[in-house]
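With the hints as constraints, model all of the structure from the sequences given.
Per the working numbering: the sequence shown = residues 9 to 163.
I should point out that these hints are in silico values taken from the structure, not numbers from a laboratory.
Relax, there's no trap hidden among the hints.
Taking CB as the label site, the calculated pair distances span:
| id | residue 1 | residue 2 | range |
| --- | --- | --- | --- |
| 1 | R110 | R134 | 16 to 24 angstroms |
| 2 | P142 | R104 | 21 to 29 angstroms |
| 3 | K65 | P17 | 39 to 47 angstroms |
| 4 | G103 | H42 | 44 to 52 angstroms |
| 5 | V111 | V15 | 15 to 23 angstroms |
| 6 | Q13 | F153 | 18 to 26 angstroms |
| 7 | S53 | K139 | 13 to 21 angstroms |
| 8 | H74 | F153 | 34 to 42 angstroms |
| 9 | E86 | L130 | 16 to 24 angstroms |
From the three backbone atoms N, C-alpha and C, an ideal C-beta is built for every residue, glycine too.
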Amino acid sequence: MKVEQIVVPNPGWQEQPLLAVVVSDPWDYPADLHEHCVTELVPQSEPMQVLAMALPKGHVVPAHTHTNQERTVCTTQETLMVLSGRLSVDFYRAGREWVARRVVGPGDLVVLLSGGHGLTALTPTRLIEVKTGPYYGKTFDKVSFEPVKEMLPNA
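In structure tokens, the structure reads:
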């Protein structure tokens, strides 16, 4: 499993430096399935928590609930899991400046934490999106923008 953090170079005042986490090739995690293994993929300080877990046969996670904790979340964070196909993902800092592009495929996970993003299906693609809610619709929850063409690779 490869875990890559996409960060803003020289973040500005009050700008979140961590834009996203891209997880590729998770199929070999961990190498030994005889031990219970938990790996934190996103820092605990983020509202969207993502862990990789491996449970050996017979391992029990006891039945449980989570306590009610008041949390203030002011942004929408998304997690994309590619089921099939290939997807190009562009990452933008808060000022809408392009930062990076990654191509992901089946089994890959993209955790979008801050800034902006754009997606292009390179082949017919199926994915699952999980995000913080509630969702109030495009009018209230999204601001579309035109990327600065000179900043994009192969512009």
